[in-house]
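**Q** Below are the chains, spelled out letter by letter.
There are 2 protein chains.
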Amino acid sequence: MRKIFVLGGDGFCGWPSALHLSNKGFDVTIIDNLSRRNIDNELGVMSLTPIATIQERIKAWEEISGKKIEFYNIDIAKEYTVFLDLILKKTPETIIHFAEQRAAPYSMKSSKHKRYTVDNNLNATNNVLCAIVDSGLDIHLVHLGTMGVYGYGTAGMKIPEGYLEVFMKTEDGKEVSSEILYPVNPGSIYHMTKTQDQLLFLYYNKNDKLKITDLHQGIVWGTHTAETKLDERLINRFDYDGDYGTVLNRFLMQAAIGYPLTVHGTGGQTRAFIHIQDSVKCIELAIKNPPKENEKVKIFNQATETHRVRDLANLISEMTGVEIQNVKNPRNEDAENELRVENKNFLELGLNPITLEKGLLKEVKEVAQKYTHRCNKEMIPCKSLWTSDTKTKVLI
Amino acid sequence: MRKIFVLGGDGFCGWPSALHLSNKGFDVTIIDNLSRRNIDNELGVMSLTPIATIQERIKAWEEISGKKIEFYNIDIAKEYTVFLDLILKKTPETIIHFAEQRAAPYSMKSSKHKRYTVDNNLNATNNVLCAIVDSGLDIHLVHLGTMGVYGYGTAGMKIPEGYLEVFMKTEDGKEVSSEILYPVNPGSIYHMTKTQDQLLFLYYNKNDKLKITDLHQGIVWGTHTAETKLDERLINRFDYDGDYGTVLNRFLMQAAIGYPLTVHGTGGQTRAFIHIQDSVKCIELAIKNPPKENEKVKIFNQATETHRVRDLANLISEMTGVEIQNVKNPRNEDAENELRVENKNFLELGLNPITLEKGLLKEVKEVAQKYTHRCNKEMIPCKSLWTSDTKTKVLI
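Chains as they are written, first to last, in full-length UniProt numbering: chain A, 1 to 396; chain B, 1 to 396.
Treat the hints as calculated values from the structure; they're not laboratory data.
Any given hint could be a false lead.
Identical copies look the same in the list; a pair holds intra-copy or inter-copy alike.
Unchecked claim - Heads up, simulated DSS-like pairs for lysine-lysine below, C-alpha to C-alpha not over 25 Å straight-line:
id: 1; residue 1: 109; residue 2: 78
id: 2; residue 1: 3; residue 2: 68
id: 3; residue 1: 169; residue 2: 344
id: 4; residue 1: 90; residue 2: 292
id: 5; residue 1: 112; residue 2: 78
id: 6; residue 1: 90; residue 2: 67
id: 7; residue 1: 112; residue 2: 211
id: 8; residue 1: 288; residue 2: 3
Computed from a predicted structure; not experimentally measured.
Let the sequences and hints guide you as you build the complete structure.
**A** Encoded structure:
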């Protein structure tokens, strides 16, 4: 059995990925410091769905599938030696790295949150890379990045998968070409840490020949995968609050409880999306197709479609009769943007995308409806402000 | 009097900068956790020159010049609140940020050193930026970067000052142009942290409109400035060891004690250089010419000339009669490279460069000669290895 570490395997993407891989016959070890649950405590919010403890989750999975998942509570940003020892003991073939603070609004709440996000995310990623080098093992690292590293500008181009061919003029007027990492334009401290992660990957790949795949994921929607819906104890997180809730799932939850769909600004932001079932499938494809010896960092755009936020709001409003409410945008970003995204790498590996369709939207809404009694409406608005200027301007 | 914080003001560039600015009438406060002295303890090495304690240094400066410099021992990567409180109390106009681990070989000694460099440098820079935002003050941040962010490739271009105009092809065959940060190519973990610093500056400048100047400095040579030679208690550090010693000063020190000039590989590496007196002058020019409101990060190349390492070795060998010894290069880098560097920003601000000339080379050699008795020859070779491959290959 192929051994895999899932760092951050208790989170929204990590848990369904761990189950999917276990189901596919991988020997899965979850490493997680449960920071996401602790942040729920800090914010005074709970997942809309009643997630079981990690211990109950693993026990339930073994009862249902007959497969074992091991769990270690390790802070990989801080407990380097414990983490390295575990690698040496278990000798994983692949490490999947989800273990970062992943909410843009949370990263902008205060300087404490900015500093936590930088400290946690960069030390976590560097420690994983250092530990792979120290282990001397030929481990493939799969990292979850974000489409947000590219920014949401409108240069009139389709966003390529990580690398861009550019032309430059030399002093004597000649034109030379070069393939570079797509120039970054992060929109929050969180996104910035992912652009800095890219430089860690660039360096360790160049210096130590590490095999690395970086997945620039769009906004995930949906909550169930084939495995998480097998038993309520396996249910995935559903974040609806202003910090961790993401746009499409938030709209569906708001529709479920009859709360107006809160569109930031004009809703002219175009974003890339992927369903959680496709996300776990992509992780599997990435694991099964590691880079070759001496290959540069493999970068995939893990997104299946793009939509404008106001179009999504209109779609869900029509579907459910719930009205739309435009609120001031707390983010420091362009009101309107285009976005076209190359994603042929995953399509060529056999991904058959689940695109937005009413059946699946309905499923998410029904999940939200079932757990409406767990919703605290006060947690819905986004209260993080990007700049001190916006403090006086934002109405929620 | 204009108030200035010098973070890392006890170090090789920080101390002479603090003195120069104090001499020019600025009100200087040094903040330093003395990590550089502690690293000397760790490595079992001392500055070739007998540097006084920071307390003695400041006392001597007041005796000689009648000017006060204040000193606070604060770890800005860890003691955020103490640091922010000091900013609020003192309200500096400018903060100069030298407070990073700055040796490439040290950053490659072991995973512990890699992790320290990433943790210290990135948290320090992020904390400074956060604190400026939190303070609400209009503070100009001047940061010491490195020419090494550009890498030492040979695209046939003169390296511009931070930004590069590139052309890209859109899907419909049109050509669009864009100004981007020069694509990075770091050669060590240390250099990598400076490329990550650039993204911190990009983000805080965009989101919070911070005024930032980033100085990409070449290799500093020389040891005395006008102020440090006024009294032996003001003397600057002189690092000759394999971790912190830099190439030209190391050659001069080796020549002073009759130790063969150790050239790594063919010595075909071309590097950019600047004399310490020009370095402190550039800091002053940067302070006096802050970015305007809403201006992007100002990037200056702080270097006055480029030389091939073997040409420097030959020059000093001819000057002194000391032989050259070629040793295997511990670094994972190209054996030979060209380097042409744009530096007109500082020239336009009035910098009149001190270039390599025998008088000044002789001065450095004489300083080294004077303190030969403090030299531990065992510390001269560079023992840090860039990759596990080189472990079996490097002979020193």
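**Q** Confirm or reject each hint.
**A** Each hint tested on the structure:
In the homo-oligomer, the alpha carbons of residue 109 and residue 78 lie at most 25 Å apart both inside one protomer (23 Å) and across protomers (20 Å), since each shortest distance falls under that limit. With identical chains, the CA atoms of residue 3 and residue 68 are at most 25 Å apart within one copy only, with a shortest distance of 12 Å there and 62 Å across copies. Taking identical chains as interchangeable, the C-alpha atoms of residue 169 and residue 344 lie at most 25 Å apart only when they sit on different chains, with a minimum of 19 Å there against 31 Å within one chain. Proximity of residue 90 to residue 292 under the C-alpha cut-off of 25 Å is restricted to the intra-copy arrangement: shortest distance 23 Å within a copy versus 55 Å between copies.
In this assembly of identical chains, the alpha carbons of residue 112 and residue 78 lie at most 25 Å apart whether taken from the same copy (18 Å) or from different copies (12 Å). Proximity of residue 90 and residue 67 under a CA criterion of 25 Å is satisfied intra-copy only: 17 Å inside one chain copy versus 61 Å between copies. Taking the shortest alpha-carbon separations for residue 112 and residue 211, only the inter-copy value of 22 Å comes in at or below 25 Å, while the best intra-copy value is 34 Å. Proximity of residue 288 to residue 3 under the C-alpha cut-off of 25 Å is restricted to the intra-copy arrangement: shortest distance 12 Å within a copy versus 58 Å between copies.
Checked against the numbered hints given earlier, this structure breaks none of them.
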